[in-house]
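Chains A and B are the protein sequences, given in the same order. Position in the first sequence (from 1) plus 34 gives the number in the working numbering. Position in the second sequence (from 1) plus 34 gives the number in the working numbering.
In case anyone wonders, no lab produced these hints; they're calculated from the structure.
For chains that are exact copies, the list does not tell them apart, and a pair is met inside one copy or across any two.
Below, in silico cross-link-like pairs of lysine-lysine (DSSO-like), each with a Cα-Cα straight-line distance of 30 Å or less:
#1 Lys-350 with Lys-361
#2 Lys-370 with Lys-350
#3 Lys-191 with Lys-218
#4 Lys-412 with Lys-218
#5 Lys-124 with Lys-114
#6 Lys-218 with Lys-370
Protein chains: 2
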Amino acid sequence: MKGTRADRRSFIKGSLIVAAGAVLHNAHGASAANVQERRAEPSKEPRLLFSVIGINHGHIHGQISAVTRGGGRLVSFYAKEPDLAADFAKRYPQARAARDEREILEDESVRLVLSAAIPEERAPLGVRVMRHGKDYMSDKPGITTLEQLAEVRRVQKETRRIYSIMYSERFESEATVRAGELVKAGAIGRVIQTVGLGPHRINNGRRDPWFYDRRRFGGIICDIGSHQADQFLFFTGSTRAEVVASQVGNVQHPQYPNFEDFGDMTMSGNGGTGYVRVDWFTPDGLPTWGDGRLFVLGTEGYIELRKYVNVATELKGGNHLYIVDRKQARYIDCNKVPLPFGPQFVRDVVERSAVAQDQEQALLAAELVLKAQTIATKPVGA
Amino acid sequence: MKGTRADRRSFIKGSLIVAAGAVLHNAHGASAANVQERRAEPSKEPRLLFSVIGINHGHIHGQISAVTRGGGRLVSFYAKEPDLAADFAKRYPQARAARDEREILEDESVRLVLSAAIPEERAPLGVRVMRHGKDYMSDKPGITTLEQLAEVRRVQKETRRIYSIMYSERFESEATVRAGELVKAGAIGRVIQTVGLGPHRINNGRRDPWFYDRRRFGGIICDIGSHQADQFLFFTGSTRAEVVASQVGNVQHPQYPNFEDFGDMTMSGNGGTGYVRVDWFTPDGLPTWGDGRLFVLGTEGYIELRKYVNVATELKGGNHLYIVDRKQARYIDCNKVPLPFGPQFVRDVVERSAVAQDQEQALLAAELVLKAQTIATKPVGA
Chain A
35 MKGTRADRRS FIKGSLIVAA GAVLHNAHGA SAANVQERRA EPSKEPRLLF
85 SVIGINHGHI HGQISAVTRG GGRLVSFYAK EPDLAADFAK RYPQARAARD
135 EREILEDESV RLVLSAAIPE ERAPLGVRVM RHGKDYMSDK PGITTLEQLA
185 EVRRVQKETR RIYSIMYSER FESEATVRAG ELVKAGAIGR VIQTVGLGPH
235 RINNGRRDPW FYDRRRFGGI ICDIGSHQAD QFLFFTGSTR AEVVASQVGN
285 VQHPQYPNFE DFGDMTMSGN GGTGYVRVDW FTPDGLPTWG DGRLFVLGTE
335 GYIELRKYVN VATELKGGNH LYIVDRKQAR YIDCNKVPLP FGPQFVRDVV
385 ERSAVAQDQE QALLAAELVL KAQTIATKPV GA
Chain B
35 MKGTRADRRS FIKGSLIVAA GAVLHNAHGA SAANVQERRA EPSKEPRLLF
85 SVIGINHGHI HGQISAVTRG GGRLVSFYAK EPDLAADFAK RYPQARAARD
135 EREILEDESV RLVLSAAIPE ERAPLGVRVM RHGKDYMSDK PGITTLEQLA
185 EVRRVQKETR RIYSIMYSER FESEATVRAG ELVKAGAIGR VIQTVGLGPH
235 RINNGRRDPW FYDRRRFGGI ICDIGSHQAD QFLFFTGSTR AEVVASQVGN
285 VQHPQYPNFE DFGDMTMSGN GGTGYVRVDW FTPDGLPTWG DGRLFVLGTE
335 GYIELRKYVN VATELKGGNH LYIVDRKQAR YIDCNKVPLP FGPQFVRDVV
385 ERSAVAQDQE QALLAAELVL KAQTIATKPV GA
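Isolated chain A (complex conformation):
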């Protein structure tokens, strides 16, 4: 899925030069800039050099794609698993295979390290990266314990490096980006609440053992739910938030006793409230990996995103946005919405700005899901 998306993105990149209609975006601040950024081919003079350490999840390709789109150049990588490293080398022949992690950490030309290591290894790696004076972007979940979180916060403040967590269901989702623009423009009034539903396909038989061990991925709310926690904070504009209640369980996978296949949580923040449900029960009859939804309830309207599929309609693919406001109900196809994250993030690294992702918000989202895992009750029968 992510690979497909990356392919589509590079296709769009080439074709946008033709898309003169994009000038229309000028009426609307942010978008116009994004179109410019998106048109830019990776320049021969890259804006920064970056490396990858840890490639246990395919999300790494989306991360690389975003940073490359922003003008970064992948120069080296390290993976301790020879089979994963071999596949990666084929896909990115321009990247040098480092002998070990240290070779990358000590390479002063490298400004940024990306990782999609096994989740429990991401935060310790990020701490080492920041201590070597580099910025860091982790796949989500970026942190799997509250102890790791405390250490990340401490070292991040000490080193003033970026500890980014790639919440791709916001940053790399055109519909979510558009929803953010609409909410910011006041299209639905003040946001009251978000509901995020995150079903995923389990693909048993094609997952590594760590996938089924909650200690290694942090639990289902930590793993999948971190996307929805991030979107809750972003859409409600909350800078403080607490978990009201949470539940996790293993409803239907007794063969994996350390797995969690269902979780939910309610959050309350200073900007609104939020509910998240995540699960591994996407049925085979769905044409994609998950029918992810986001509902944003405002005082003057609401938005629903059908992020990856619009079940049993003629509207194929994802990025379906529905908005109802005081005047009307509308459908908006968001597939052509520019994705600002990659370019913004690269600029943040180079210019020491903080546009792409709010550092506190990224870590607060992690805190919420980690607390949710800690206090979660177990549904009967799970």
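Go by the hints and put chain B onto chain A.
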């Protein structure tokens, strides 16, 4: 009491002869029979005579319609508000206006009393009705305090009368009835969780003062959320359940200080878990009163109901069902699904059966929302 029972027996004997359509129940479960029953005009020999006490909410018309469809005949009514009574009399010229409540309670020909009084008055009335040997059907919410609930349970057990609560978003919703049939047939495996979203239009300026006073309607989760609590119990098959957490608040209506415009709750039962969100924020641009949704997540598939509107599509009206199972994703228009509740309920009253509504389940749904109101936290800023 003895005399009443004997009268009822001879009455039942007479009325059952008329209901020949009921024989179809033997061939093909509920549905075939229901079609017959739904087609049937109110017979000249009604299956039972019923009355109405309390008409403060328009839901009373749906209640009357369901019982009439089942073969009941409305014979009398009482409302303490002369203006409401006058309108009602015009709409139901066949119904005698009683001088007072007592005239109806003491009318031995009346087997059933319906009420859509102000919510806080419904349970005390129901207790009086049961104590007079009659069955009772309340609009939802059927009970507004835990003390009322205890009394209802006690008197219901003592008198063995029916205390029905008309959860119309299940009983009178074709899509929900169809979803129930699908779930019962195993179409999505074992149910894991339900999510019910219940937005409503507030229609300020067209509501009576009691509408804005939580003591009188029981609070937003008690009022609106009782529908979703009922559906949670029904779809998960839970016979025991607890509230995990709940929130209520007045986010945007400071002019009504005793109002609640937002609420949510998480429940956990012995058959699954459930989440409910209710609010009074339906925006004017929606062509109906609320974009009510129900998601039923199963181990082998899921169902989504768009109960009253399918936003920004060509599918007009309500009763839209989407189901994804192991093989495919499908849309089902449920508008022609028969509604069994009315006929089943009348038969329950006449034959002392319990098909239309499970008595314990009806009261457990009330218990859940009342407990949720009691323990609810307040979102920041609400």
